[in-house]
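Put together the whole structure using the sequences plus the hints.
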Amino acid sequence: MTTAHLYLRGRDCGVAVTVADTSRTRMRGLLGRDHLPSGEALLIKRCGAVHTFGMRFAIDIVFLDRHQRVVAIHHDVPKRRVLFNLRARQTLEMTAGGARRQSLSVGDSLVFGAAQ
3 MTTAHLYLRG RDCGVAVTVA DTSRTRMRGL LGRDHLPSGE ALLIKRCGAV
53 HTFGMRFAID IVFLDRHQRV VAIHHDVPKR RVLFNLRARQ TLEMTAGGAR
103 RQSLSVGDSL VFGAAQ
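Numbering of the sequence shown is given in the working numbering, commencing with residue 3 and proceeding in unit increments.
Treat the hints with care, as some may be off.
Cβ pair distances, simulated, as ranges [stated by the list, open to error]:
#1 S107 - F86: 16 to 22 Å
#2 G109 - D36: 29 to 35 Å
#3 T24 - S107: 29 to 35 Å
#4 G99 - S25: 25 to 31 Å
#5 R13 - V84: 30 to 36 Å
The set of hints was computed from the structure by calculation and includes no laboratory data. We put the CB at the ideal spot given by N, CA and C, even for glycine.
As structure tokens, then:
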């Protein structure tokens, strides 16, 4: 897995993003973890559907289109849920409340890059 930083509206949000881009890392996701620190997130490539079965904590789920624009945000998703979005090509999983803290909204364009 590679890592990147989340940029929104030209600013570094201070969120370290782990990129799950292989079949194995995409399937594993956040399973088995006890928590996700507020300054971390997981970007799952080629992913338009996620589940929270086996999760131990709530998360925010942000669906992104092929241009990395936010098409949907689901806040505080508890365990044992399935979510999908037909327009999504990537999914960003953040700690519960993370999308609100970063002021993410539908239509925002996200950039994932190296820390500057």
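Here is what the structure says about each hint:
1. S107 - F86: 16 to 22 Å: holds, 20 Å
2. G109 - D36: 29 to 35 Å: Given about 33 Å between the Cβ atoms, the range holds.
3. T24 - S107: 29 to 35 Å: holds, 30 Å
4. G99 - S25: 25 to 31 Å: Given about 30 Å between the Cβ atoms, the range holds.
5. R13 - V84: 30 to 36 Å: holds, 33 Å
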